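K.L.:
Next come the chains, spelled out residue by residue.
Number of protein chains: 2
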Amino acid sequence: MLPLEFINQLSELLPADRIYTDPVECYTYAYDNSRKIFPPEAVVFPLTTEEVVAIVSLCNTNKIPLTPRGRGTGTAGGSLPEKGGIALSLERMVRIIRVDPANRVVVAEPGVLNQEIQNAVKPYGFFWPPDPSSAAFSTIGGNLATSAGGPHAVKYGTTRDHVLGLKGVTGAGEVIKTGCYTTKGVVGYDLTRLLIGSEGTLAVITEATLKLTPLPEKQGGLVAYYCDAISCAAAIVAIMGIPRGPSALEFLDAGSLSLIRARFPDLLPTNCQAMLMIEVDGSQNEISETINGILSVCRNSGLLQAEQVINSESLWKARKALSPLLRDIAPKKINEDVVVPVNTLPQFLDELTQLATQYRIVNVNFGHAGNGNIHVNLLIDPDDIDENYRAERCLNEIFDLVIRLNGTLSGEHGIGSEKRAYIPKEIDSTTLTLMKRIKQLFDPNDILNPGKLFP
Amino acid sequence: MLPLEFINQLSELLPADRIYTDPVECYTYAYDNSRKIFPPEAVVFPLTTEEVVAIVSLCNTNKIPLTPRGRGTGTAGGSLPEKGGIALSLERMVRIIRVDPANRVVVAEPGVLNQEIQNAVKPYGFFWPPDPSSAAFSTIGGNLATSAGGPHAVKYGTTRDHVLGLKGVTGAGEVIKTGCYTTKGVVGYDLTRLLIGSEGTLAVITEATLKLTPLPEKQGGLVAYYCDAISCAAAIVAIMGIPRGPSALEFLDAGSLSLIRARFPDLLPTNCQAMLMIEVDGSQNEISETINGILSVCRNSGLLQAEQVINSESLWKARKALSPLLRDIAPKKINEDVVVPVNTLPQFLDELTQLATQYRIVNVNFGHAGNGNIHVNLLIDPDDIDENYRAERCLNEIFDLVIRLNGTLSGEHGIGSEKRAYIPKEIDSTTLTLMKRIKQLFDPNDILNPGKLFP
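Order-wise, the sequence lines are chains A and B.
The first sequence runs 1 to 455 under my numbering.
The second sequence runs 1 to 455 under my numbering.
These are computed hints drawn from the structure, not numbers from a lab.
Predicted model only: the values in this text are computed from it and were never measured.
C-beta: ideal position from N, C-alpha, C; glycine also.
Worth double-checking, as some hints may not be accurate.
[Said to hold, decoys possible] Computed from the model, here is a short list of chain B residues facing chain A with C-beta under 8 Å:
1) K177
2) Y189
3) E412
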């Protein structure tokens, strides 16, 4: 329970309509897409950097945990106030401070939705490349906290590639300004990228200077159907080996296709067991040249058919239906987003199937194959204790496999609370200790999102 | 002077042919392209990470300064052993450990030349985008230490955008591994980018996992001649405002053109006072479309003529002659690489001229205008005390101007020893203190490149 004196001090910082302490109101800030529930003891809604400073300073003085939060769309529990205390909702810091097409820059507060950024810059012929599937309703603050990616990362990179500078408030309540306003700059250490992906454990980001990218003129697309996952994975390797590549390259395995068939019975060839959705972008000529290049290498003995898709909406239809379908059949699914080097995908998918069979776990895999980023879903019944136990052991072996293949445990979801136990598989203790000491520097009383990201 | 006991211990770590202590031999490691001279007291040449650990640990125990060094092509003094001690030359760590075109990755040791990386990956249709003018003879270790850019940064970004992971040895002699081998990864803090641009003050980089980019099919080019710098700057703003932009956009002012005329009398139109060299890349169609787009916006009342260049070598001929010409006429020139937002270039160049006039300094400006990155050269006679004094005051005002325009003091050269006094103009004391404390974490005894980067 928060001390009454602390609540009183908090109430002096913000008007009543920007502090929730009623447990019912607080409960709506207790969860994210990890489906875990940790109610905060209070929710605060700052409007300015100065207010964030005041709130953080008060929490720091009183050693009250404070968890920054956007719209709670994360899947790894990064925004959950696991240790209670304050949920710092940035959802009312929604100003787009500057749209500057001449310099290809937009400056915005953390509560602005990714989609709102896109809407603001599209008229000038630009976009901001990070495109998590939550883009319509996730905030740029959350995108920054996780270095969000998405299907187009294969061509455009992830959030960390598209930020010039940040303003933030450290756990000590100090305002820092990182990076610069220009596309080049090497003055001082790169604290911008240190904050990106740090899941609110180092500082509360209160302003971001985002770098814009020219919108591609057009999109084109291909779908390719394969008789098995291994030949499909071989095609992914071939496609990524040619210099002129796709703007998105999504893989769907047999389990994914079964789910889609249940919803769209006539969408897929009957004997298809794996599928690629391939998007290319650029001028009409570029698209034609790129599609021809891809078509020439994606053919192998397992290819059933490959066809061009005129309407890019129909290209994405199957893919977009997938996550909700998975939630329907397995609300407590384990959803990982591991990454392996692209040329190990055939081996990875093969061994993954063996592990799922060995542990008797229903397993559905799909994702951003061009980056080697596969969403591995273990569909379990939460009430089946034995199945839960098997899933845990299976997951542990999947992570070992990923590391053995020189991959990484998370490509875009982050660690949050979900994956922290597994971090030592990937990061050696020396490097991890250094990271923890950086955390101490920024947040000496461990109030910012305590317990997250580290094992 | 190094203690004899220390030299003896060092001699136990490396064979005699990999330790220099003779002052004559050490002197060849005393300078870089800043033309300052600071001889080390010993030079060591490790071959492995383990040897770097042993050397750093020994220096750390004995609190002996240690300055990592590639080929000494930097212009900011970053590789100079200003406080004496050891020069750690990485020039013999020259293995390209892995060329992996399927995953678009190359793994290499820090002493490998930038050009050698290009040669190794070109047969597979890839390149590594950082292209400092020293690329033929600068090391990737040095490129990483400064987050080197170059003319193509306007399209491809700088070093920090093209690195997946690093291995390094901290000032405490501990080996850390940062980042990952895949194009996506969000596990732990981004120490990769923290090391990039840190000028050897945090860790000695001993291995780098570099991300490759597909080689463009072709290059095309344009030159555009203007009657004055302001109309030329307006054209730069217009060109960078259109979505499909150049792969390089270099600006040369009247002073630069005078120098070129002295060498190539017939190269330029007589009344030309400013010039753009514009490169575009892609397929033939893309090049044509991009050139047409640029031609349509680069015309303004100050344009004398714009012409396509068939041979890209001739495009770069004038630009490449420039730096040596400047050295010939002013060996002690002050060479800055400030950056301003692109749309402030007209104002910047205008005020720059006013300042040069006011302080009676010969001033030549050129550079990577697409990034707003201008190399400002103050051509001074080192023996003229009054001129030196005026140049210093002029430079101070130039930096104030840059900051007022929301720019940055260095785009690609780094701070080294040359610019450290000016850092507080750009970085506030809170942020700077945090950076210094990060330095302390990595290097508790301040042995790694001591005195650099910070004011």
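K.L.:
Return the status of the interface hint for Y189/B: holds when the least beta-carbon distance to chain A is below 8 Å, violated otherwise.
P.N.:
holds (5 Å)
K.L.:
Does the closest beta carbon of chain A sit nearer than 8 Å to the beta carbon of E412/B?
P.N.:
The hint holds - E412/B has a Cβ within 8 Å of chain A, the shortest such distance being about 6 Å.
K.L.:
Is the hint on K177/B kept, meaning its closest Cβ partner in chain A is under 8 Å away?
P.N.:
This interface hint holds because 6 Å falls under the 8 Å limit.
The structure shown violates none of the earlier numbered hints.
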